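> Next come the chains, spelled out residue by residue.
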Amino acid sequence: MEYVISVLLSGISVGGQYALIAIGYTLVYGILRLINFAHGDVFMVAGLMGIYLTAVLPISLSLPLVILLTVLLGFTIERAAYKPLRNAPRMSVMISAIGVSYLLQNTATYVTGGQPMTYPTIPFLSDTVNVAGTQTKWVVILTPFLVLLLVILLSMLINKTKVGMAMRAVSKDFETSRLMGIKINSVISVTFVIGSALAAVGSILFFTNYPAITPLAGAMPGLKAFVAAVFGGIGSIPGAVIGAFIIGICETIIKGLPSSWDVSVFSDAFTFALLIVILVYKPQGLFGEAATDKV
Amino acid sequence: MMKRSKAILPALAGVTALLLFVILLENISSMIPGLPLVFQPTSPLFTVLKKAAVYSLVAVSMNLLNGFTGLFSLGQAGFMLLGAYTFAILTVPTAQKDQVYYLFGGCAFDFSLPDFFGSIFGSTGAGGAVSMVLGCLIALVLAGCVAGFFAWLIGIPVLRLKSDYLAIATLGFAEILRAIFQWQKLGPITNGANMIKGFPTFSSFNISDASGNVVLRLSTFVPFLITSICVALIVLLIHSSYGRAFKTIRDDEVAAEAMGISLFKHKMLSFVISSFFAGVGGALFAMYVANAQAKAFTSTMTYEILLIVVIGGIGSVSGSVLATFLYVACCEWWLRFLDSEMYIGSFKVPLLRNGFRMVVFSVVIMVIVLFFSQGIMGNRELSFSRLKRLGKKKDEEAAGDKGAAENKTGEG
Amino acid sequence: MGNDIALHLENVTMQFGGVVSVNNLTLDVPMHKIIALIGPNGAGKTTAFNCVTGVYQPTNGLIEFMGKPMVRAYPTGKYAKTYKGENADKYSGQEILSPTPDKITKLGIARTFQNIRLWKSMTVFENVLTAKHMRAKQNVFSAVFRGNLSEERRMREETMELLKEQGLDNYKDELATSLPYGLQRRLEIARALATDPTLLLLDEPAAGMNPQETFALADFVREIREKYKLTVFLIEHHMDLVMNISDYIYVIDFGSEIAQGVPEEVQRNQKVIEAYLGVAEEEGA
Numbered sequence: 001m002e003y004v005i006s007v008l009l010s011g012i013s014v015g016g017q018y019a020l021i022a023i024g025y026t027l028v029y030g031i032l033r034l035i036n037f038a039h040g041d042v043f044m045v046a047g048l049m050g051i052y053l054t055a056v057l058p059i060s061l062s063l064p065l066v067i068l069l070t071v072l073l074g075f076t077i078e079r080a081a082y083k084p085l086r087n088a089p090r091m092s093v094m095i096s097a098i099g100v101s102y103l104l105q106n107t108a109t110y111v112t113g114g115q116p117m118t119y120p121t122i123p124f125l126s127d128t129v130n131v132a133g134t135q136t137k138w139v140v141i142l143t144p145f146l147v148l149l150l151v152i153l154l155s156m157l158i159n160k161t162k163v164g165m166a167m168r169a170v171s172k173d174f175e176t177s178r179l180m181g182i183k184i185n186s187v188i189s190v191t192f193v194i195g196s197a198l199a200a201v202g203s204i205l206f207f208t209n210y211p212a213i214t215p216l217a218g219a220m221p222g223l224k225a226f227v228a229a230v231f232g233g234i235g236s237i238p239g240a241v242i243g244a245f246i247i248g249i250c251e252t253i254i255k256g257l258p259s260s261w262d263v264s265v266f267s268d269a270f271t272f273a274l275l276i277v278i279l280v281y282k283p284q285g286l287f288g289e290a291a292t293d294k295v
Numbered sequence: 001m002m003k004r005s006k007a008i009l010p011a012l013a014g015v016t017a018l019l020l021f022v023i024l025l026e027n028i029s030s031m032i033p034g035l036p037l038v039f040q041p042t043s044p045l046f047t048v049l050k051k052a053a054v055y056s057l058v059a060v061s062m063n064l065l066n067g068f069t070g071l072f073s074l075g076q077a078g079f080m081l082l083g084a085y086t087f088a089i090l091t092v093p094t095a096q097k098d099q100v101y102y103l104f105g106g107c108a109f110d111f112s113l114p115d116f117f118g119s120i121f122g123s124t125g126a127g128g129a130v131s132m133v134l135g136c137l138i139a140l141v142l143a144g145c146v147a148g149f150f151a152w153l154i155g156i157p158v159l160r161l162k163s164d165y166l167a168i169a170t171l172g173f174a175e176i177l178r179a180i181f182q183w184q185k186l187g188p189i190t191n192g193a194n195m196i197k198g199f200p201t202f203s204s205f206n207i208s209d210a211s212g213n214v215v216l217r218l219s220t221f222v223p224f225l226i227t228s229i230c231v232a233l234i235v236l237l238i239h240s241s242y243g244r245a246f247k248t249i250r251d252d253e254v255a256a257e258a259m260g261i262s263l264f265k266h267k268m269l270s271f272v273i274s275s276f277f278a279g280v281g282g283a284l285f286a287m288y289v290a291n292a293q294a295k296a297f298t299s300t301m302t303y304e305i306l307l308i309v310v311i312g313g314i315g316s317v318s319g320s321v322l323a324t325f326l327y328v329a330c331c332e333w334w335l336r337f338l339d340s341e342m343y344i345g346s347f348k349v350p351l352l353r354n355g356f357r358m359v360v361f362s363v364v365i366m367v368i369v370l371f372f373s374q375g376i377m378g379n380r381e382l383s384f385s386r387l388k389r390l391g392k393k394k395d396e397e398a399a400g401d402k403g404a405a406e407n408k409t410g411e412g
Numbered sequence: 001m002g003n004d005i006a007l008h009l010e011n012v013t014m015q016f017g018g019v020v021s022v023n024n025l026t027l028d029v030p031m032h033k034i035i036a037l038i039g040p041n042g043a044g045k046t047t048a049f050n051c052v053t054g055v056y057q058p059t060n061g062l063i064e065f066m067g068k069p070m071v072r073a074y075p076t077g078k079y080a081k082t083y084k085g086e087n088a089d090k091y092s093g094q095e096i097l098s099p100t101p102d103k104i105t106k107l108g109i110a111r112t113f114q115n116i117r118l119w120k121s122m123t124v125f126e127n128v129l130t131a132k133h134m135r136a137k138q139n140v141f142s143a144v145f146r147g148n149l150s151e152e153r154r155m156r157e158e159t160m161e162l163l164k165e166q167g168l169d170n171y172k173d174e175l176a177t178s179l180p181y182g183l184q185r186r187l188e189i190a191r192a193l194a195t196d197p198t199l200l201l202l203d204e205p206a207a208g209m210n211p212q213e214t215f216a217l218a219d220f221v222r223e224i225r226e227k228y229k230l231t232v233f234l235i236e237h238h239m240d241l242v243m244n245i246s247d248y249i250y251v252i253d254f255g256s257e258i259a260q261g262v263p264e265e266v267q268r269n270q271k272v273i274e275a276y277l278g279v280a281e282e283e284g285a
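Protein sequences, first through last, are from chains A, B and C.
According to the working numbering, the residues represented by the first sequence are 1 to 295, in order.
According to the working numbering, the residues represented by the second sequence are 1 to 412, in order.
According to the working numbering, the residues represented by the third sequence are 1 to 285, in order.
Hint data in this document are derived by calculation from the structure and do not stem from the laboratory.
Keep in mind it's a predicted model, so treat the numbers as computed, not measured.
Note that CB positions come from ideal geometry on N, CA and C, so glycine has one too.
Keep in mind that a hint or two might mislead.
Unchecked claim - Below, computed lysine-lysine pairings styled on DSS-like, alpha-carbon distance capped at 25 Å:
#: 1; chain 1: C; residue 1: 137; chain 2: B; residue 2: 265
#: 2; chain 1: B; residue 1: 162; chain 2: C; residue 2: 78
#: 3; chain 1: C; residue 1: 103; chain 2: B; residue 2: 265
Claimed, not checked - Away from chain B, derived, C-beta distances all over 10 Å, residues of chain A:
#: 4; residue: 69
#: 5; residue: 72
#: 6; residue: 92
#: 7; residue: 95
#: 8; residue: 109
#: 9; residue: 114
#: 10; residue: 118
#: 11; residue: 144
#: 12; residue: 153
#: 13; residue: 161
#: 14; residue: 211
#: 15; residue: 253
Put together the whole structure using the sequences plus the hints.
Shown next, in the form of C-alpha cells:
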C-alpha cells in the first residue's frame, strides 16, 4: 500500500511537471502549428540557469530571475528563429526549431563541459515530508496544487482577457485574425512568454527531484510533454494537463514494476507507443477538434 | 529517356574515376614514402571520408523521403539501428560469439554468414576473402530488408498521418526500437545494452600478405563503393516514373490522388525504400565504428542527418552528398582546432575549449536554415552540363559557384 | 436506362456536423453528353463533385458509374442518430462502398479543380506524363532498372501528342505554374485527359476567364468530347458557357435540386431565376 502511494505520488508530481512543459507546446502548436522542438531544451537551460544563479545569488532572488531569463530566452528564440520564417513552409519552421534545439544543447555542453550538474537544494521544496507512511519531498506534494493554480490562472487569462481572446482568435484562423487587426506577432510573443515561464517553473520543480542536469536532460521530458499535449488534444490546455498527469503516472508505474521483469527501459518507449496509438485512432486527442482540409 | 541514357555513361565514368581515386589516395602513402601526414592511413582525412560516405547514403535516403516525397519522417536513426544490429548479429563469427555475449552465456543465434560461406569456400586465403565479402554483402542486403520490413509494419498505421504528426510518430517509433534493443531480456540476441563487437569492419577488407602486412588498403574504398551503388539506385528511382509520382505527392497530394496515384501505395513505397537504404547505412555505420550499440542511434543522430539534408538542399541528391562531406569534414577535422585551447604568442585565444566547435557549428546551421533556406543546391542537381555552363558563365549567381567549388572539395 | 448512363447519382446526401450541404441529390449523366450542375455560391456543387471523385464519402446515397455501383453509403457512426436527410434506411445494411480518389480515377473518371492544382515543381511535360503513371505497365523494379523502356517511350510519345494538340508543346519544359492562367486551366484538362477517362468532371473551368477565353473554352470542351468520346459533367458560374454547351442542366440551391431541364427550360424556370439568375444578373451588372 505504501508502495502504491509512493508510486502514485511521484507519478502525479512528474505528471504535473510535464504538464507545465506541455502547456508551452500546446499553446505554440495551437497558434503556429509548430512542434517547438526547442521547448524541452529551453526547460533544460532554465535548469542550468537555476544552478548557476543560485550559486551566486540568494534563492529568493535567483528563482524569479531564472523565470525572467527563461522568458527572455523563449521570446528571443521566437523572434530570431521562427518569426523570419512566418511565411515559409511548415517544414522549414520545424527544421529551424530542431536547429535551435541543437544549438541550445551544444551551448549547454560547452558551458558545462558536458558534465552532469547537480541542482541546488531549495529549502522547503527539498525537505522531506511523511505522507501516509511514505517519505517524500515537499515538491512532490506541492506540484499538483501549483499546477492546478497556474492552469486556473492561465484559463482565466485566455478566457477573460483581451490578450486571451486574441490568442483564441489567432489559433482559429491566423490570416483572418491578422486582417481583423490583431497584432499577430505580439500574440505569438505572449504565447512564447507564457510557455517559457511555465517551463521555468516546471524546471525548478522537476530538477529539485532529480539528481543532475545534462545537456540532453530536456529532450526526453520535452518529447513526453509534447506527447501529453497530443494525447489531450493539441491546442487544449486542460487536455494537455490531463494528458501529462496520465503519462506521468503510467511512467512511474512502469518504472515501479518488479525489477525482475526488467521493463523499466520501456518507460520512455511506452509514452511513444501511446502516442502512435492515439495518433492513429484518435488524432484529435481527448479534447481536440478534428480539422478538415478544403479541396 | 534517350537523353537520360546518354547521361548515364559520363556519370558512370565519373563515379568509377572517383572510386579509383579513393583507392589511390588510400594507398599512396605506402607507394611514395615521405608524403605529408595527411596521406597516412591514420590521418583524419580517411576518417572523414569513411564517415561521410556512410552518412551520405543515409542523408540521400532521408532526402528521398523528406525531399522528394514530402513525407517528414524522423525515424532514420531507428532504421539505421535495425540495419546495424541485423548486420552485426549475422556477421559476428561463431567462434567469437561466446566472448561477445559473455554476459548472457553466449548467443541464442548460433549462425554467422561469413562462417557459413567459409564452410563452402574455405576460411583462409582467397576462399576466406570470398566468404567474408559474400557474407558481408548478403548481411548488408538483409540489414536493409529488415529495416524495410519494419518500415512497412509501422508505415501501415502512421503513413496516414499529416506532416508534423508523421514526424513525431516516426521519431517515437525510433525511440521505441532503441528501448527494445536495450532490453536485457533480449540479451541473448541483442547483447542487451552492451555493444556487439567482433564483426567484420571496413579494415577487414584491406588485403594483406601472408605475414600480415597490408598490401592494398580498401577500407575507404568499400564504403564509397557501397554508397555509390546505393545512391545510384536511388537516383535511378527518382528519375523513373515512380520518382515522378513521389514528387506529385510532395507537390499536391489531392491532385496526385485525383490523377490516379495511390497515396498509400506510393508513400509506403518511398518509406520502405528509404528505410531499406537507411538500414544499409546503419550497417555501414556499424562497420565504421566497429560496434553496434542501441545507445548510438538517438534522435540527435536523426536531427544531424536532417540538418545535413537541409544544408545540401531539400530535394537534391548531389546537394545531400556534398553537404555530408562538408559537414563531416568540418565536424571531424577542419573545425577541430576550435575545441582545443590556442595561444598566439602569449595571448590565449578566448572561448576556445572543448565543445566550442559544436556551438560554432550549430550557429552556422541556424544561419543556413534562416538565411539560405535553399541550402547549397536548392532542389537542383549537379551535372556535367551544369558544370560546363558554370565554366562558361563566370558571372553566374554566387550560389551556383559555391556549389561547384564545394563539389571539388567534396570529392577531394 | 442501362448502359447509356455514364454516371448516376441517387439520393446522395452529404452532411457535415449539423449542416447538410448536399441533400438527396439524384441525377443522371448520359454517355457522350455535356451535363452541367449549377447553383449559387455555397449551393453544394463542389461537395457533390467531391462525393463523386471520392474525396468525401457521402453520408447517404448511391453513385453508379457505367451501370455499376461505385459509391454507396448510409448514415453510420455519429450520423446514425443525427442524420437530417431523407431516405436514411434505403441503403442501410448494404455493403458500404467508399473507394479512394485514385481508384475512381482508375475506373475512368478524371477531374479538374476549381482552384488550379498543378504540380508546381514539375514541368508542363512532367505534369501530363505523370498522370499516365497510373496506367503504365511497370513495377518499381522494372522502373528502377529501366526494364520499362518501351512503356516509358510510349508514355512520352503520347504525352507529347497530347501537348501538341492542346497547343502546349512550346511550353513543355517550363514550370507548370509559370504558365499564364488560361493555359494552366488547359494544362489541367490535358493532365486529366492523360488518365484516359471516359467521364470528365470540370469544376468551374471558366473561373477567372474573360468572355473570349470562355468562348474558346466552350469550343474546346466540345472538341475534346468528340475526339476522346468523352462524357462531360461540369460545374459552372458563367451562364453564357453553361447555356452554350450543356445538353442538360441540373440546378441546386442549399444542397437540394430546384430545377432541371434543357438550357431553355432552365432559363425560363421561375425558381431558378429567383434563386440564381436574378442574383447573377445583378452581380453581372
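> What are the numbers of the hints the structure violates, in ascending order?
Result: hints 6, 7, 8 and 9 break, sorted rising.
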